[in-house]
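Chemist: Spelled out, the chains give:
Protein chains: 2
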Amino acid sequence: MYVIMVYDVTEDKVSKVLKSARKYLNWIQNSVLEGEITEAKLFQLKKEISDIIEKDKDSVIFYVLPTKKNMVKDVMGILKKEQDFFI
Amino acid sequence: MYVIMVYDVTEDKVSKVLKSARKYLNWIQNSVLEGEITEAKLFQLKKEISDIIEKDKDSVIFYVLPTKKNMVKDVMGILKKEQDFFI
Numbered sequence: 179m180y181v182i183m184v185y186d187v188t189e190d191k192v193s194k195v196l197k198s199a200r201k202y203l204n205w206i207q208n209s210v211l212e213g214e215i216t217e218a219k220l221f222q223l224k225k226e227i228s229d230i231i232e233k234d235k236d237s238v239i240f241y242v243l244p245t246k247k248n249m250v251k252d253v254m255g256i257l258k259k260e261q262d263f264f265i
Numbered sequence: 179m180y181v182i183m184v185y186d187v188t189e190d191k192v193s194k195v196l197k198s199a200r201k202y203l204n205w206i207q208n209s210v211l212e213g214e215i216t217e218a219k220l221f222q223l224k225k226e227i228s229d230i231i232e233k234d235k236d237s238v239i240f241y242v243l244p245t246k247k248n249m250v251k252d253v254m255g256i257l258k259k260e261q262d263f264f265i
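Here the protein sequences line up with chains A and B, keeping their order.
Read in order, the letters of the first sequence are residues 179 to 265 in our numbering.
Read in order, the letters of the second sequence are residues 179 to 265 in our numbering.
Just so you know, not all the hints are guaranteed correct.
Copies of the same chain look alike in the list, so a pair counts if it works inside one copy or between any two.
As a list, the in silico DMTMM-like pairs of lysine to aspartate or glutamate whose alpha-carbon atoms are at most 25 Å apart [to be verified]:
| # | residue 1 | residue 2 |
| --- | --- | --- |
| 1 | 247 | 190 |
| 2 | 246 | 189 |
| 3 | 233 | 189 |
| 4 | 251 | 232 |
| 5 | 251 | 226 |
| 6 | 251 | 234 |
| 7 | 258 | 189 |
| 8 | 191 | 226 |
Note that these hints are calculated values from the structure, not bench results.
Work out the full structure, taking the sequences as your base and the hints as a guide.
Modeler: This is how it looks when you write it as structure tokens:
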């Protein structure tokens, strides 16, 4: 499956969330990561994130697609580093 | 079509980008908007964004899906306002 993860967490948790997410996904842009991931790994990632964030303050969203095949990714401006660019 | 838009722009442009994007999409989280949009409106939105951003400094990504039908949106933590929540 293919996942786009976006996070909006308090500053003290940003580096922890990022460190955890980077083990599984590619960093795309400030607060955005994406990548191919197995269901088991996604479960693991969610568990890690759940241990880091405060559920009444932070927000992390996973957009989960069965495949990236039908998605078009349109980048305006610069391509940040570490991108898994696929258009 | 369904679009997830993420932006990473210099601070002086954040409110302009947000104001423009909000005319077409729903604000979801810091730097993230999403929503159903027609091809014509998306073209218009991209034109507006293109007029605001500096292509060597800023980055705006549009993930374009033919439909949101196959996408699962998994929210951890709080749901920010203005969400078009569909799970």
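Chemist: Identify every previously stated hint that the structure contradicts and give their numbers, smallest first.
Modeler: Of the numbered hints, 1 and 2 do not hold.
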